[in-house]
Amino acid sequence: MRRILYLVRETVANIWVNRMSVAIGVVTTAFTIACFGVFFLLYWNLKNLAGSLQDEIQVMVYLEPDTSKVMVSGVRRHLEGEHAVASVAFISEQEAVKDFHQQFPEESSLLDGMGDTPLPASFVVTLAPGFQSSELVEGLAERVRGVPGVEFVRYSRDWIDTLGLFVSYLEIGALVIGLILAVATVTIIANTIRLSFYARKKEIEILRLIGATRSFIAVPYVVEGAFLGVVGGGLSLALLKGGFEVFRFELDASGWFQGLDSVIAFFPFQISILLVVTGFLLGSASSLLSVYSLLRSRA
Amino acid sequence: MIQFFQVTKYFDRYAALRDVTLRVDKGECVLLTGPSGAGKTTLLKLIFGAEVPDEGQILVQNRNIARLRASDVPYLRRTMGFVLQDFKLLPQKTVFENVALPLIIQGTAGLEVRRKVSEALKAVGLDHKRGSQTAGVSAGEQQRVCIARAIVNSPIILLADEPTGNLDTNLTMEIIELFKAIHARGTTVMLATHNRQVVEEMKGRIIRLHSGRVLSDQGVYSETNSLSCP
Numbered sequence: 001m002r003r004i005l006y007l008v009r010e011t012v013a014n015i016w017v018n019r020m021s022v023a024i025g026v027v028t029t030a031f032t033i034a035c036f037g038v039f040f041l042l043y044w045n046l047k048n049l050a051g052s053l054q055d056e057i058q059v060m061v062y063l064e065p066d067t068s069k070v071m072v073s074g075v076r077r078h079l080e081g082e083h084a085v086a087s088v089a090f091i092s093e094q095e096a097v098k099d100f101h102q103q104f105p106e107e108s109s110l111l112d113g114m115g116d117t118p119l120p121a122s123f124v125v126t127l128a129p130g131f132q133s134s135e136l137v138e139g140l141a142e143r144v145r146g147v148p149g150v151e152f153v154r155y156s157r158d159w160i161d162t163l164g165l166f167v168s169y170l171e172i173g174a175l176v177i178g179l180i181l182a183v184a185t186v187t188i189i190a191n192t193i194r195l196s197f198y199a200r201k202k203e204i205e206i207l208r209l210i211g212a213t214r215s216f217i218a219v220p221y222v223v224e225g226a227f228l229g230v231v232g233g234g235l236s237l238a239l240l241k242g243g244f245e246v247f248r249f250e251l252d253a254s255g256w257f258q259g260l261d262s263v264i265a266f267f268p269f270q271i272s273i274l275l276v277v278t279g280f281l282l283g284s285a286s287s288l289l290s291v292y293s294l295l296r297s298r299a
Numbered sequence: 001m002i003q004f005f006q007v008t009k010y011f012d013r014y015a016a017l018r019d020v021t022l023r024v025d026k027g028e029c030v031l032l033t034g035p036s037g038a039g040k041t042t043l044l045k046l047i048f049g050a051e052v053p054d055e056g057q058i059l060v061q062n063r064n065i066a067r068l069r070a071s072d073v074p075y076l077r078r079t080m081g082f083v084l085q086d087f088k089l090l091p092q093k094t095v096f097e098n099v100a101l102p103l104i105i106q107g108t109a110g111l112e113v114r115r116k117v118s119e120a121l122k123a124v125g126l127d128h129k130r131g132s133q134t135a136g137v138s139a140g141e142q143q144r145v146c147i148a149r150a151i152v153n154s155p156i157i158l159l160a161d162e163p164t165g166n167l168d169t170n171l172t173m174e175i176i177e178l179f180k181a182i183h184a185r186g187t188t189v190m191l192a193t194h195n196r197q198v199v200e201e202m203k204g205r206i207i208r209l210h211s212g213r214v215l216s217d218q219g220v221y222s223e224t225n226s227l228s229c230p
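Heads up: the protein sequence lines correspond to chains A and B, in order. Its first residue numbered 1, the first sequence is counted upward by one per residue in our numbering. Its first residue numbered 1, the second sequence is counted upward by one per residue in our numbering.
Hints are computed from structural coordinates only; laboratory data are not their basis. Do not rely on the hints blindly, as some may be mistaken.
[What the hints assert, rightly or not] The calculated lysine-lysine pairs, modelled on DSSO-like cross-linking and capped at a C-alpha distance of 30 angstroms, are: (1) K45/B / K88/B; (2) K129/B / K201/A; (3) K116/B / K202/A; (4) K93/B / K202/A; (5) K122/B / K180/B; (6) K45/B / K202/A; (7) K88/B / K202/A; (8) K88/B / K201/A; (9) K201/A / K116/B; (10) K129/B / K88/B; (11) K202/A / K129/B; (12) K203/B / K202/A; (13) K201/A / K45/B; (14) K203/B / K201/A.
Let the sequences and hints guide you as you build the complete structure.
As structure tokens, this is what we get:
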């Protein structure tokens, strides 16, 4: 108990003695983690956007004009038999015209003089989860094109794939930048701990002389590093949240990207905690590295 | 207790100790003398594992210092007490806290710490100063705090390097008396000193070093061999 009390007191003393370098360390760590956080937040939102768009992907199967009810039923049976298909909705020629008028009231005149059924009947196919990749959709489209009564099949995969590719590049970018910034954070914290260590070099010399183990000497410095990382991580989270709210406010006020505000979101609680945990882990690891390398000799 | 077998230690090609062979038995009082650079401090450092011999072997309580892992060195040191010329105390801590440190490191229980520290402080006559800041007490008292810290965990061996180097004649006498009392309790004492007064008063086995070699291992100091003492 007395040992724990001693270690706690030493940690507090370390932080107090080096309060200036600890404060600088906390602020730099906070900014470094926040830099990564900005990038990660961008990646997070785009990934979510791509994910929700992917979930909504639909395949339109247009039927030949004047297809008989039997053929329509045949096409439906074929579609419902496909593993990739989650649900099928039929839009008759009349419903298609009605929808056109509802969606494009200004352009209603375009259909004038084209008869009662200028638009083809179609099936709207919603894909099952896990069947939304390009290859699988293309395979489904190929199979459906051969079904009697089907005139053509259309799906808007390309731009979603491009977005997916962009997100995957962003993922690699986040990883690389995260790695670089992690090294920077480790260096900052390790140097702060090193300063703290040198400030108490005489004391450490005495502790070693009277039989203190490396772990006993290292604990206050490792706790100091962990503290620095946690506070830095917490501060970075506050900076990110503040910055995010300002950005959203400005976005709303400008009126640009209307509708996007419902898609843009801050990190969920778990990810927010992960930022602080990252700070804790980086802080602990860097102080461990720093202290153990300084305590290598036997003297 | 302590055995040196043809030990040589170099520092940048300079031999601080050369071919030293000696044996110190349990309960002995050994006075290491010799001019500066003779190798006294190096010899003590080898005993407490701060250095490893370049040649030869050292056994301390049957443990081979050359083969001792760095992680085992603290446990070896816990069986020893150290008194140094520059005290090596923590000035911002109280006398009590300084003396308690070796016990805290070993994880001794709180009550036991208080009891042992009180005993050690009484032994050096500083019980009344337990709450004082170490930086605020006199040089003689600081050395006594250092001695209290060295004996608080009842060490088997007490190593002292110029313990009276910063003290006047009267204070030196006080410290000598403390060392005598510690030795009388059965502790093996090894003391490196320049001080003739210490050599004369301690009446221990005198080992003279010069340029890293053992010049003489004379046994107890007497008037007849006093001229050969430094």
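The hints, checked one at a time:
1. K45/B / K88/B: holds, 15 angstroms
2. K129/B / K201/A: At roughly 26 angstroms apart (the allowed maximum being 30 angstroms), K201/A and K129/B satisfy the hint.
3. K116/B / K202/A: holds, 25 angstroms
4. K93/B / K202/A: At roughly 13 angstroms apart (the allowed maximum being 30 angstroms), K202/A and K93/B satisfy the hint.
5. K122/B / K180/B: Holds. K122/B to K180/B sits at ~16 angstroms (cutoff 30 angstroms).
6. K45/B / K202/A: Between K45/B and K202/A the Cα gap is close to 17 angstroms, so the pair holds against 30 angstroms.
7. K88/B / K202/A: holds, 8 angstroms
8. K88/B / K201/A: holds, 12 angstroms
9. K201/A / K116/B: holds, 28 angstroms
10. K129/B / K88/B: This hinted pair holds, its Cα atoms lying about 18 angstroms apart.
11. K202/A / K129/B: Roughly 23 angstroms between the alpha carbons, so the hint for K202/A and K129/B holds.
12. K203/B / K202/A: Distance ~34 angstroms between K203/B and K202/A Cα, so the pair is violated.
13. K201/A / K45/B: Judged against 30 angstroms, a Cα distance of about 19 angstroms means the pair holds.
14. K203/B / K201/A: With Cα atoms ~37 angstroms apart, K203/B and K201/A exceed 30 angstroms; violated.
In terms of the numbered hints stated before, the structure departs from hints 12 and 14, listed from lowest to highest.
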